[in-house]
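J.: Read off the chains here:
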Amino acid sequence: MNKLKTYPQWFLFLPLAIYVVFFLSPGLLGVFYSLTDWNARSMGDINFVGLKNFREIFSADENYSQGIFNTLRFTVISNIVKLVPALLLAIMLQKGLRGRNFYRTILYLPSILPFLIIGLTFKSILNFNTGLLNTTLEFLQLDFLKQKWLTDLDVVWFSIYGVDAWRGIGYVMTIFLAGLNAIPNSYYEAADIDGANFLQKLRYITLPMLSGSIMINLVFGITYGLKVFDIIYILTNGGPGHATQVVTTYAYQLYANGRYGMSTALNTILFLITMAVGIIIVKVMSKQEVQQ
Amino acid sequence: MKQPWPQRLIKQIVCIVLSLIVIMPFYMVVINSFKTKGESARMALTLPSEWQFSNYSIVIEQGKLVQGFSNSLLYAVLSTSIALLGCAMAAFVLSRKRTKFNVFIYYFVLCGLFFPVNYVTLVKVLQTFKVANTRAGLIIAFTSSMIPFCLFVIRNFMSSVPVELDEAAVIDGAGPIRLFFSIILPLLKPIMVTAFILQFMGVWNDFMTPLYLSSSSKMWPMNLAVYNFFGKMASYWNYVFADIVLTILPVIIVYLIGQKYIVGGLTSGAVKE
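Chains as they are written, first to last, in the working numbering: chain A, 402 to 693; chain B, 812 to 1084.
Treat the hints as calculated values from the structure; they're not laboratory data.
Treat the hints with care, as some may be off.
[What the hints assert, rightly or not] Here are the simulated EDC-like pairs of lysine to aspartate or glutamate, each with C-alpha atoms no more than 20 Å apart in a straight line:
id: 1; chain 1: A; residue 1: K524; chain 2: B; residue 2: E850
id: 2; chain 1: A; residue 1: K404; chain 2: B; residue 2: D983
id: 3; chain 1: B; residue 1: K935; chain 2: A; residue 2: D438
id: 4; chain 1: A; residue 1: K524; chain 2: A; residue 2: E539
id: 5; chain 1: B; residue 1: K935; chain 2: A; residue 2: D446
id: 6; chain 1: A; residue 1: K524; chain 2: A; residue 2: D555
id: 7; chain 1: A; residue 1: K404; chain 2: B; residue 2: E850
id: 8; chain 1: A; residue 1: K406; chain 2: B; residue 2: E978
id: 9; chain 1: A; residue 1: K406; chain 2: B; residue 2: E850
id: 10; chain 1: A; residue 1: K404; chain 2: B; residue 2: E978
Model the full structure from these sequences, guided by the hints.
T.: Here it is, written out as structure tokens:
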């Protein structure tokens, strides 16, 4: 069979062209424009300014570096907050539970909804005076737990992590469940005969056998965390003050103010961070493929 | 091996509590969408004293929901179809002819799974092609951002389609186009359905892309229509909630119908075989 004829190379053309022109080239162009003073008023008159934008981003007078730090912290914490409970839930839901399919359907439901809707709904739930959360706490006589969920500097991040977990745990759990179902039951039976306890089984059977699912969840979770925008933009719009600004919300703000050069500079930093993370992940994945 | 009953009871209680935490916000939104302005502002969980069905007709009229709905549908169907068909053809060649170049191309596109889209320069590129601020531009943007994922899952699935089929078809005199469309594509149906649903919902839920790329309200998908409606009507929670119900209804219906495909698609590739 003639491979050249059966599998023509032009089949690659359409997706590759769209990907390169409309996805990759904006990213690379962004690196170039981040070195210019491009803004809403510079009609075609764009000047090269070197690293000036980056100096402004990292200067101590500005808050942008805090935004970069917030993005990284969100990526780490939001993943821990979702992955650990989701794993325990998946183990719990996996077998011997009546109505588990019903629970799975319910718990997965939030992750199919638009962030916009979740954001608006939780804006009302977290309202200090009338919101569902505070009125429920009052009803349960737990008034001391009442908080200004979205305006108090000390709790606003907890609210964001909470809403994010409300949406994301079901998704992470579903992937873990698929991984758990692929572990042969005989492994656990053998461990039971040897008298292993729950933690030992978790450590020596479940976790190693789940490495594929953990990997997928980490990849999705990390890339999602680095690119987070919707939920923060809608819940707090970066406030109170600049407390919850992340890279993408700053970039949108700068874009809306017509400071395109600065906006692309921030995007470029994000691009470089994700590229570094992405290259590591793809390397690990391609290594796994060779081993298989 | 059956678990002792206290353990089962605790599990049930945990699951019921968690399900309630998920359902409560939905219940609150639905119930308050039927109340008057004053009553809904209190956001109580009680039934409305008077059912205000007119909230919905007001929202549909003022929230530009019909237009938003048709825009969302157009964007989601077209961009997903283009990306899926193109990626299926590409994945076919990339999977069957693993030359060094093709393997490189695969990982090259795969990197796109991680990159953020640079919308500011994307606007510039779209201007070059004279499609900035048009529906076509938005569809291209959606398509381009889903290519890495589609290529990834379809190529993974392609390995399970036996090569012998290709050989048989070629011996019978089929050309590449015939081979692909009448033999390979029908066999890809499971993964195509899954990827279609996932990406369809991805476009439906996307907020950032239209926020950057559509300035005229005629182009707004449902999401953006709701957001602007909220901006205008922030104190009319009854309308906002009615708007929310109408927006999530199609998504929930698609989810309940396509549930098994969604879960199947999530887990393809997550499990080592």
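J.: Hint by hint, note whether the structure agrees.
T.: For each hint, the structure was consulted:
Of the pairs offered as hints, the one joining A:K524 and B:E850 holds, with about 17 Å between alpha carbons and a cut-off of 20 Å not exceeded. Taking the CA atoms of A:K404 and B:D983, the gap is near 16 Å; set against the 20 Å cutoff, the hint holds. A C-alpha spacing of about 15 Å is found between B:K935 and A:D438, which places the hinted pair at or below 20 Å, so the restraint holds. With a C-alpha separation of about 18 Å, the suggested pair A:K524 and A:E539 falls inside the 20 Å cut-off, and the hint holds.
A threshold of 20 Å between alpha carbons decides the hint, and for B:K935 with A:D446 the separation of about 14 Å falls inside it, so the pair holds. With a CA separation close to 17 Å, the supplied pair A:K524 and A:D555 stays within the 20 Å bound. Pair hint A:K404 plus B:E850 does not hold up; C-alpha atoms about 70 Å apart against a cutoff of 20 Å. Of the supplied pair hints, the one linking A:K406 and B:E978 holds, its CA atoms being roughly 12 Å apart against a limit of 20 Å.
Distance hint between A:K406 and B:E850 is unfulfilled; the C-alpha atoms sit about 70 Å from each other, more than 20 Å. For the proposed pair A:K404 and B:E978, the alpha carbon gap of about 10 Å is at most 20 Å, so the pair holds.
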